[in-house]
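Residue numbers (the numbering used here): 94 to 302.
Do not rely on the hints blindly, as some may be mistaken.
Claimed, not checked - Capping the alpha-carbon separation at 27 angstroms, the derived lysine-lysine pairs in DSS-like fashion look like this:
1. Lys-164 with Lys-117
2. Lys-164 with Lys-190
3. Lys-190 with Lys-117
Think of the hints as simulated: they come from the structure by calculation, not from any bench.
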Amino acid sequence: MNPATPTSRFVPARLAGQLNSIPKRLNGDAGRPAAVLVGLMADASGWQVIMTERAAHLAHHAGQISFPGGKVDTADDTLVATALREANEEIALPAAKVDILGGLDPVSSPVGFVVQPVVGIIASQVRLQPSPDEVARILILPLADLINPPRHRRDSYISDGHRREVWVIDHPEHYIWGLSAAIIVDLAARVSALPGAPGAVLAAPQQGV
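Make a model of the complete structure from these sequences and hints.
Structure below.
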């Protein structure tokens with residue numbers, strides 16, 4: 094069976110059962126805390142994932158494909174609050190338009206952050222707008238393309254004299270690697286654990302589901 098061929102419908106509540114509960118805070122000993130929003134949105138063709146292309150003028154990770162998010166602010170009560178605030182700042186996503194499902198495993202970055210991925214369903218009719226200070230453009234990518242295991246591979250690069258291994262997603266249009274790719278691989282593993290997976294959760298949603 095082609096892993097990208099849908100065989101049944103994606104029910105968000107079922108995915109929630111495969112996700113972690115999200116702690117209010119991360120262990121500060123692991124690194125500087127941050128959070129990102131892994132936003133899923135439904136349209137007529139199926140389920141999509143909201144990502145961004147970072148602005149070219151940024152000092153760090155310019156032009157890379159990432160999830161909306163950033164470091165915890167002192168005003169943030171929880172990691173969920175961090176993810177929602179950053180998503181609002183970067184892509185004008187109102188927090189009220191996101192239904193939080195749960196979390197993925199925290200991911201450590203090579204620059205000292207430990208990042209909590211927060212998974213949520215975004216209302217289909219929401220209007221998103223990139224912040225030019227941080228985002229070159231908003232990407233709405235098919236979930237099927239991202240979580241297809243044959244597109245996941247390991248690669249390595251040299252940084253400060255050390256070889257680092259990273260995940261890479263062989264997307265047909267975008268080079269997705271590093272922390273963002275690791276989050277996608279984790280999401281794919283949770284999806285594959287659902288009844289009828291792999292390939293089961295990609296069809297367009299229907300009323301009453």
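Each hint, compared with the structure:
| no. | hint | verdict |
| --- | --- | --- |
| 1 | Lys-164 with Lys-117 | holds (14 angstroms) |
| 2 | Lys-164 with Lys-190 | holds (21 angstroms) |
| 3 | Lys-190 with Lys-117 | holds (21 angstroms) |
Of the numbered hints given earlier, the model fails none.
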